[in-house]
Amino acid sequence: MTASQVIEAHGWLDVATHAYEHPGVVASEWREQGGKVVGVIGHDVPSELVAACGMLPIRLAPSRLGPPGAGRLPSGPDLRLTPDCQVLLEAIVSGGLDWIDALVIGRDSESYTKLFYVLRELVSVGIGSSVPPFWFYDLLRLPTHASARYNRFRAREFVEVLKGWSGSTVSEDEIRRAVDESNATCALMARIADLRRSRPPCLSGVTALTLVGAAATLPFPARQAMLRGLLDDPPPPLAGKRVMVSGSPQDQLGVYRAIEAEGLVVVGEDHDWGDRSSAMSIPETPNPLDGLVDRYHLGPPGSARGGLAERCRYSAGHAALVGADAVLQVVFEHDEASEWELPGVRDLLAETGVPVVPVRIAWPPADDSAIGRSVDEVWHALGGRDG
Amino acid sequence: MAEGIGIRRRGELAVTRDIVNHQREWLSEVRERVAGGEPFAVLSADAPHEIYRAMDIPYVVVQWWSSIIAAKQRAPKALAALKEAGYPDDREQYNALGLGELLLDEPAGAPWGGLPTPTIFQAPMATDGMRKLFELWARETGAAFYPIEHTIDPRPDLPTDWWERLPHHWDEFLPHERLRLMVEELTGLVRVLEETTGKTFSESRFIEVMTLANEQSEWSRRTRDLIAASVPVPVSAAETMTATMIPQWHRGSPWGRDAARGLFDEVAARHEAGQAACPDERIRLMWLGRALWSSLGFYQQFERRHGAVFVWSMYLGLAADAYLRYLDGRDPLRALAARFVPMGEEIRMPSWSAAWHLKEAKLHQVDGVVSFGEDDFFSSRLLEQAGIPVFSIAASNVDRRTWDEDSLSVALDEFIEVRVRPVAARRASS
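Those protein sequence lines, which keep their order, are chains A and B. The working numbering applies: residue 1 is where the first sequence begins, and numbers increase by one. The working numbering applies: residue 1 is where the second sequence begins, and numbers increase by one.
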């Protein structure tokens, strides 16, 4: 059955939901065809290079891997990883990710750097015997010539690592093909973002988040068929005040569900599992590696490693772009970066009268009460639910 | 004990008093120079100080300034000021105290008369909050912020004996691309500083600075080795924390080198005279983590109760092992890059930190380790496997909401009696 026939048979939302909830099944189907799967931790990894090498990149979502403590880790003192990294480590070490053939960790956050350090050392001392081959992708973010050169070195080095994992060579044309596919997805996601930002919005935040997660899981043909299916058969318009979610990456649906259950619609976000992933296509360059490196080096900033002014401008600008009535800054307790942005984003949005409401919550988010209180604050700032 | 008072350190060395007095005078002089229109930089500990030294741009180091704020018991107020302004009061605390002190806007109460108004801030992007914090602090003072990249070594198999190989073989030991990136960063920094401050970068002066910094490290290494080998120890870590940290931030100056030599001379004289931090020394302890600057006397109370002396902290350990980069005719800027490429990895990257902690513990004949606020799983594992018990505390040295002297003392008393004393007894009888 072709990807389009699957969509016709099951509908785009079921396909998206299945891929979102069961990346291991998607991986197993790919592997049954003889393919290899590379687990990707983070947004700041050029997954296109994985695809160019004929492997399937699947972005790993820690909150969908099970609660902390589910895996087997060495007894003794706490490793003092952030809880999301703890879950990832447990899954990696315990064999819970036995559906990946290799793993790459991006440098979205220094908590990921620490995860890499810990994983490397566990393997070194013989604790992580079932750990698949892994690599750390060190992407620099300062917009300098020195960083650009360094990033190109790391990209070329990553290609060599991928060649070893896949057991095959990769040509410039294959990288160009993967870049073209990525841009094709980006173009469809841009059209879907327009639907989401329309007045009234035609897509809930929960659905948008599901699509982003599914797109980071499915192979290219299935991904495109899913997105085209939505565009061919868009959901009906939604009523509700418009809110943008800022802050920590949301790789689960619970927070958005809690927000939208209270009559708000999440029309955009500035974190790593939403609009940011398709906000910039890959520039065309004679050597496709150059455009690819630039996309990740110079693309929209993530919170953990972006500068303060650039992040505040990005967040406030994005709130304006999506036509948000309010911004809800949802920050996990382990997030060291996002809360520094709050006063700056507030100042930038003050002139437009868009309120910014912060809330700090535990990870994984299990209790909706804090979100509920912050949503009450949003409604209060907007003049009440009847306003 | 009332919260926020702290336990004062009992002075052991004359040189420490001289160092602190000099630092006060130096800051006063800097304040005068800045009032006269000179530039002034606020740098993180892992920024390339030597370039500023060579260009005669005065600077203070954030971590030192934080230690002063904490020692003057102003950390709680500084953290409260951050919260009042809408910023987190429990993120990057050690680095954020200075911004909190600024936001307090109480110049009359500021420690040591307060900082002059900075013109430059610089920090590497080594933590998630650091870049934002420094950018914000710079904005609040009207200063420029120069972030610098920090790279990661992705190699699966890292050599761990960095303290042996980096001093002489830094250009082979560190990956070429990491060194090249840092050299380019430093080259760019020199150009920016020349343009923004009007100061000149002299290669001859820079070589002199690098040479002085190496000489300072050599003196620290001698002091460390003497302390490690001396039983009983002539001076405790409570004393060497201050006596090492302040000269470290004058690295590359004749005063910094001479202060490190002065520390060695006095420690050696005490050793030769048979003077000890604790004449009844029975137990030797290691402190992993940042110092309790607001309560340095905390460390010394265990001497009286248990004959237990803290003989090691990272301050002298890093001064001895982490900074030496011999030029041997090689490019001094590349040597400086080699100093800063791995900076912090000695204590943050477990492949390196665990091996180093064990090496230092053995060298110092340590019987037990207290780990405070550290990511210490691998260090603890290695130390425990070597028969050295570890007591681990999750807390922040500048946030008294996370620890207090009374409960920490009780916990350490028990740790020493139950786990450390038997180890010390075995060492004594061997």
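Heads up, some of the hints might be wrong.
[Stated by the list, open to error] In silico DMTMM-like cross-links for lysine to aspartate or glutamate, where the CA-CA straight-line distance does not exceed 25 Å:
hint, chain 1, residue 1, chain 2, residue 2
1, A, 114, B, 90
2, B, 83, A, 351
3, B, 362, A, 351
4, B, 199, B, 90
5, A, 114, B, 32
[Said to hold, decoys possible] Sample of chain A residues at the chain B side, in silico, Cβ under 7 Å:
hint, residue
6, 80
7, 109
8, 121
9, 142
10, 150
11, 273
12, 337
13, 348
14, 359
15, 362
[Said to hold, decoys possible] Derived coverage of chain B by chain A (criterion: at least 3 residues anywhere in the stretch with Cβ under 8 Å from a Cβ of chain A; other residues may be distant):
hint, segment
16, 88-96
17, 346-357
I should point out that these hints are in silico values taken from the structure, not numbers from a laboratory. C-beta: ideal position from N, C-alpha, C; glycine also.
Here is how each hint holds up against the structure:
no.: 1; hint: A:114 with B:90; verdict: holds (20 Å)
no.: 2; hint: B:83 with A:351; verdict: holds (23 Å)
no.: 3; hint: B:362 with A:351; verdict: violated (62 Å)
no.: 4; hint: B:199 with B:90; verdict: violated (38 Å)
no.: 5; hint: A:114 with B:32; verdict: violated (43 Å)
no.: 6; hint: 80; verdict: holds (5 Å)
no.: 7; hint: 109; verdict: holds (6 Å)
no.: 8; hint: 121; verdict: holds (4 Å)
no.: 9; hint: 142; verdict: holds (5 Å)
no.: 10; hint: 150; verdict: holds (5 Å)
no.: 11; hint: 273; verdict: violated (17 Å)
no.: 12; hint: 337; verdict: holds (4 Å)
no.: 13; hint: 348; verdict: violated (13 Å)
no.: 14; hint: 359; verdict: violated (13 Å)
no.: 15; hint: 362; verdict: violated (14 Å)
no.: 16; hint: 88-96; verdict: holds (count 3)
no.: 17; hint: 346-357; verdict: holds (count 5)
Going through the hint list in order, the structure does not satisfy hints 3, 4, 5, 11, 13, 14, 15.
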